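Trainee: Could you use the hints to bring the two separately framed chains together as a complex?
Residue numbers (my numbering), protein chains in the order written: chain A, 1 to 701; chain B, 702 to 943.
Keep in mind that the hints were calculated from the coordinates and are not lab data.
A few of these clues could be false.
[Said to hold, decoys possible] Under the rule of at most 30 Å between Cα atoms (straight-line distance), these lysine-lysine pairs were calculated in the DSS-like manner: (1) B/Lys-939 x B/Lys-913; (2) A/Lys-587 x B/Lys-913; (3) A/Lys-587 x B/Lys-824; (4) A/Lys-183 x A/Lys-229; (5) A/Lys-698 x B/Lys-913; (6) B/Lys-727 x B/Lys-817; (7) A/Lys-182 x A/Lys-229; (8) B/Lys-727 x B/Lys-706; (9) A/Lys-587 x A/Lys-698.
No experiment lies behind these values; they were computed from the predicted model shown.
The chain contents come next:
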Amino acid sequence: MLVFFRDGFYKDLIILLVLTVIVGAVFSQGIAWAIDTYFGDTLDGMIGEYGEYDVILHIREEAKETALRELERIGEESFPGYRVNQTLTIAGQANFFFGFPDAYRTREVLESITSYFGAVPGINGYTLMVEPSVLIRGVHPAAREDVREQIEELEGVKFVVKDGNNLVIVLLNEDWISGVTKKIEDILQQYQILELRFPMGFEVDTQEVGDQALAILHAQNTTGEDVYKNVTSAEYGEDLDAFLKTLVEMRDFLGSYASQVRIIPEPGVELGVGELILLEDDLTIEVTGMYGDLVEAMIVEGSPVQSTDRIVQKGYRYRNDGERGEFIGDVEIENERYRLAYAVDESLRLLAELEELSVQASTAVDNAEAVLTTFQEALMQLEVLQVQMRQLNEGIASGEAKSSGEQFLVTLLLNGLFQTLAQGVINTGEESLDSLQNLDIEEMRKSLAGISTQISNVQEIDVTAIMEQIGFVRDTLPDLNDAEIGQSIRLINTYLAGQVIPGERVQLLIQGKPLDAKVFETIFQEELENPYLHTYSTSVGMVSPDARGEVFRILKEVRSIVAGMLSIIFTMIVLILDHATIFSTLKYVRACERPDKRGWKRLFNPLFFLGGTLGTVILTSVYYLSRSQIPFFSLPFVVLLGFVLGVLIVAFAERFSPVHSMELMAGQSLGLSNVQIMREVVIPPSRPGLLNILNRFKQQF
Amino acid sequence: MLEIKDLHKSYGKLVALDGVDLRVSKGETVVIMGPSGCGKSTLIRCVNRLTEPDTGTILLGGKNVLSLNGRELQNLRRNVGFVFQQFNLIGRLTVLENVMFHLVLGGMNQDEARVKGRLALEKVGLRSTEDRRPHELSGGQQQRVGIARALVTNPEIMLWDEPTASLDPILVGEVLEVMEELVKTTATTMVIVTHEVSFALRVAERIVFMDKGQVVEQGAPSKVFENPQSDIARLYRKLLVN
Ligand SMILES: Nc1ncnc2c1ncn2[C@@H]1O[C@H](COP(=O)(O)OP(=O)(O)OP(=O)(O)O)[C@@H](O)[C@H]1O
Ligand SMILES: [Mg+2]
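Isolated chain B, as found in the complex (with noise of 0.2 Å):
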């Protein structure tokens, strides 16, 4: 589904992804874990050209990501669901057209995608809220929308950039119930960042260590964690054993 080799991105002198590799299988749903500033979100930007990398290759279901241009690249991103960590809504536009109104600018006629758009709210809880404006919404609401909005397009790859880490400890629980949700009943791949190790531990088929742009250590989450290699993995597992 997902191959990327030799990623290299930087920022000036900053080096921020230093020859990655990874492969994601069709339904996979992987887990990436590592410290601040490590290059996830600049990796899982990479996958959707929010971010331009330097030099490397991106395969995504046989296309090569980084060759694409205006309408190809356009129709790759309508098929990759990308959740934001800052939510990352329109603020002018009510709930029900933010998770609407791309469709209809891709081209679908309005009451299609109203329907559309209302099965996604319905699936993460939120059909009464629809009328409002984002910034009505409370925290855990608000990054609803923004799931519903990654997911109304039926994408093959949901790519995930820590969706909980801005939120108040009291509302992550809803989100990474509406997560794991989704995980258990869509066959969507899955690139999940996050630093929520019980909830990896609980969906993932596999965890991806990074550090310093670089992948440290991958496996199945019982064996990385009963056995790590890398200190980021040994740092992880202490985080669980508390």
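Chain A with its partners taken away, still in its complex shape (with noise of 0.2 Å):
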């Protein structure tokens, strides 16, 4: 097979190569490059050339404008000379750059920036970039000013500034930077915070606490050199605490609002916290607490069908293959969502009654007031009739009625007709009528006007917009599942598991020696009594790295590695394209050879041996002139990359580059040289790449 190259298809073969690599070298480079002259540029549009500015403001985006004009308006009154610039606006922000003059760059300057640019509208914080400068964050209360006071006398340092609780040293020019950064190390290791930290739940004075511990230190303090002071205070990283109460009140919340689990067990089952069960309906439960008899568990997979009631289903166990295992018992499940929802639909439909109803009452009142009024009317005319009826009796009765005979008739024709209508229909004639004048039309009339005007304050009230609410707080009641809450309650327990829950804390001040935590721990736990407190050791103020350094330095590791990745494509793509085609025509001129391989020459094809060394060539050499960088790429390992590229590369070889074996066949009885073959047979119809265009000068047809 090598026999192949004897006849000088190795000459273009090495021109191939040199080619390659100089062209993947200036090609990795130079993309690598533009992207470095881009971010270069960009970022120096943003943040200006080095001291350019000193301070970022951050303004809502919508107030940009009038912002702006209010910067223009305090830089010229107040620091006649200054610099601002609008860069970036993310996420709602705009961020405008302001340079103070170097007369205004001062610490009482850059320590009143809430003064001064507080009014600004929509100003939502600042950052300070003064520069040259080295930057402490976290510096503590309690050693602040002492470690302020001993950098100031630092040579180099103009000024230390407090923002937050980070001091910014600016320094006279950069050339400090790294003596200061240096020394300032040296000051903060002479301090150190021992924390002495309480479980939750464990009320101390921690005032007192702290006493006794420092009473302790003194005690096992030898020299007597060290400073320790009891620096509690409630405020240093309340942050932190309180993002982990809402944690674990998140959790505690996300429980009830999951599906209650409790399983049964059947006599003689043991199960274990964190075990998991499988139900029917491709639930699984994990066991999750284990009280007496009372096995409590969660959903980790699979929603139960929604209902209000108690859901009962058999459990199994979870065999290590995902089937079910032996029958443990029965699984009770009841849904406090779904009841919640269950009850918000119910009081929405309570609400359209009565509104309804309201509308109805309504009706209703009015009606009872005409029928009131109409009663009230027949009443009075009763009232008139009986009147005349007594007179009409009287008058019969004293025949003091001076009538006419027709007259008599008359009355006594309506008389007999009274009686009658009264007794049928009133009853006891007089009797009725007196009750029914007791009746108090006007309470009445005032009661229903009572009911009216409630009945129209109800209508008043604006039910839809009530239901449009409770609607809308039902729809956004959070939409998980059981399953999905069972992941996040593992998750913060998870994130949980690595924080110490914010308890009481006992912080103390160390300057001198420092002091092993660990060591000091088992001191406390014994002498206070209390082994379950933990001690922990921090340092007073970490030195951050100078925030454009270190945006430099991450854009050329940037450009290192995309230079390494595009090594590496290039290498794939030239192995592809150029490579394959090579390869794919040996392997077919090696199996057409006679077999006379004996032993390992049989198991050892040379080709995968020359495939893994051109791409090891072109790799490495591509990679190391491109000035590629990879984390963890060393040498070897792109090496070896390489060679694993060029064999896989051999190995897929008639994939990317399948072999015209017809054309070659007839190539070889024609009695072309294997190089010719290449040149005008197998290389013209392969994929356009640089062997390709370099075989153009080559090719005769």
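Mentor: Structure (structure tokens):
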């Protein structure tokens, strides 16, 4: 097979290789350089030249025009010679860079940013970026002034600005950065905060415990040179505490929101916390707690049917292969979430009914009033009639009535008629009428009016709005299913496991020889008689790298990584476009050869070795010529990667570049040399890579 | 002219040639017949080393073919015309280029090669198609280009590997005609693998029957067809009678 190279094709191959490496290096480095330049320029445009700006003002996007005008006004009024520049707007927040003229670049000004710019419309905070400077983050308040004084004494330091919990050390010029940084680290190292934490639920008097702990420290202090202070304060680190507490609350809330799962184990069945149980309906639950006979669990996979009733299902052990194991007992599932949703739905219905009812009631009141009026009129007429009747009766009885015969007759008739009427309809006449009259119509009217007002009050309530609101609440009830809740709880638990749940805390400032927190943990546990407390050691501040320097360092890293990736991609492309053609041909030729190989030679395919070497040469050269640098990619790794790529290309050569075996065979039968076969038959119809392009200079047909 | 002795070739466990002996004299036309897979192609490909045999000897014009290498092998191959079943033309070259490019690559100047190429195309009746590409031609025409390409070097021997087997039945005739003409008008030694029985009867001086990698019977066409000794020969006689 290697005879193939003897008649001159190896020259083509070497030219190809050299050219490939050059093109690859230029390509990879060129693109990386372009990226570098682009980002570098963008960055300069964004954050200005070194030392050009001193503070970034974060301003709500909608206020940025007014804010800019205000900034310009402040600038002209208070800082003549100021510089301002609006840069990126990120997530609704515009960022203005503001630079003070040298005369105003002082500790006083930089510590009073809020008083100067606090009234700028839409302001949302600021970030100091004075250059050249060294930043110390999280400086403990107890040590701050001490540290500050010492740093101000350092050579090269112009002044020190307190910025929240940070200290910004402004330097005379950037040559001082590394020297001052080193010295600051030395200063910070003299201090240590020893922290005693008590688990949640422990109510301790932190001042008192702090003093006790201090006494213990003093007792341990042999030299007497070191200074210890009780610096326990409630403020420091409150944010994290609040966050952790919120997480705990959230977990409990989620827990109550999830389906409540109880297992009633069969006699003799042993369960353990964390064990998985499979239910019917493809549910998986995890045992979360065991309290005697009561075993609690939560759903970690699947959703139970939506039901407000208690669901009972059969539980089976979860076997390693994911199949159901033995039956372990009944499992009850109750879902408060569905109940809540049900209750909300019901109240919605009730409201709808109520609205309907109020309309009907108001109609009813109107009707009642009409009835009352009619009734009253009827009553009044009845009264008149009664009076007349009484007069009539009396007249008849006394005989005073001087009536004609006709009149008398009529009266008689009427009287009879009325008697009948009165008896038939209103029963014993006068009595009924009296009781009717006793009805307090006015009272009735009043209460009717009251009802009417109440009803119209009800009608005035915007029931529709309430219903909409409740509907909204129902819809926004977290749309989580049990499995998701289960996962969230697990997640929170995992996070909390790595955290100390906030509890009481005592802080001691140590100045001098650092103490070993672990050693003192045991001592404190014994002396304070509390085996649950933990002791941690923290520093009083951390020196952070200069932001800009950091950005450029990252950029450089990105550039090298991009170049590295490109080298790999380039090598793969070249191998696929060019070398796959060669290798598929060589593999074909090799297959046609007389198999006179014996022993290991039959197993050893020199093509793989050749491919690996080619891959190594190309990748390694391109990688290093383009100054690539991917983290964890050492030279041996790059060499190996190149080799593997090469071997892979050989293995799959036919896939990338199929052999036209018929044309190849024709070439052989016509007495062409191998190099001629490559140049005239194999390469021209192959993929258009470097090989193909180079070949055009050699090709005769 | 050609002398093959005890030739063996296996593809892994599969034995393709199992001790083949064959002699072909100068100018002779020999037709090889046999069932599919019996090793015919393997045998004639060994002659110009398109396939490497495992053991045995091949003498061609007095030269030991199997000992040749590099340039010597190339020279030998130029002296052997080979016609493929699938034509094996170079797809990207024109018809004329297909017929002449190997002359140029062998050192002849372009003009001379072109003249020779056109002459060869004329012999197979394809002068008019010289600027077309193979895929623009019918199968029969493509195979005739293949024939022209093989004979343009005036080879001492031509090897034909089922030249009509992949053709439409209608197109077989034109190719056979060209072949018959060639056999009659040139003195070239011909070894033809084919299933065309009546063609074999017309042109062959000797028919060789192969089966399972071995030569099972050979002789003049009249003799082998009238009085077949092997099962294979009897089978082919049946074909002829039908
Ligand atoms: N490159 C190869 N690799 C493996 N086996 C092969 C190869 N070429 C041929 N064979 C096998 O060798 C045997 C002989 O093949 P050969 O092509 O010589 O037969 P043939 O007589 O020409 O058949 P056909 O009439 O089908 O062309 C067959 O079984 C075939 O499958
Ligand atoms: Mg064949």
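Trainee: Is the hinted pair A/Lys-587 and B/Lys-913 satisfied, with a Cα-Cα distance of at most 30 Å?
Mentor: holds (28 Å)
Trainee: What's the verdict on B/Lys-727 and B/Lys-817, does the C-alpha distance respect the 30 Å limit or exceed it?
Mentor: Cα-Cα ~24 Å, so holds.
Trainee: Given the hinted pair A/Lys-698 and B/Lys-913, is their Cα-Cα distance within 30 Å?
Mentor: violated (45 Å)
Trainee: Please work out if B/Lys-939 and B/Lys-913 have their alpha carbons no farther apart than 30 Å.
Mentor: holds (20 Å)
Trainee: Check the hint pairing A/Lys-183 with A/Lys-229 against an upper bound of 30 Å on the C-alpha distance.
Mentor: holds (24 Å)
Trainee: Sort out whether B/Lys-706 lies within 30 Å of B/Lys-727, counting only the CA atoms.
Mentor: Answer holds: B/Lys-727 to B/Lys-706 is near 17 Å, not above 30 Å.
Trainee: Under the criterion that the straight-line Cα-Cα distance not exceed 30 Å, is the pair A/Lys-182, A/Lys-229 satisfied?
Mentor: holds (26 Å)
Trainee: Sort out whether A/Lys-698 lies within 30 Å of A/Lys-587, counting only the CA atoms.
Mentor: Holds, at about 23 Å.
Trainee: For the pair supplied as a hint, A/Lys-587 and B/Lys-824, confirm whether the alpha-carbon distance does not exceed 30 Å.
Mentor: The given pair, whose Cα atoms are some 38 Å apart, is violated under the 30 Å limit.
In this structure, the hints that do not hold are numbers 3 and 5, in rising order.
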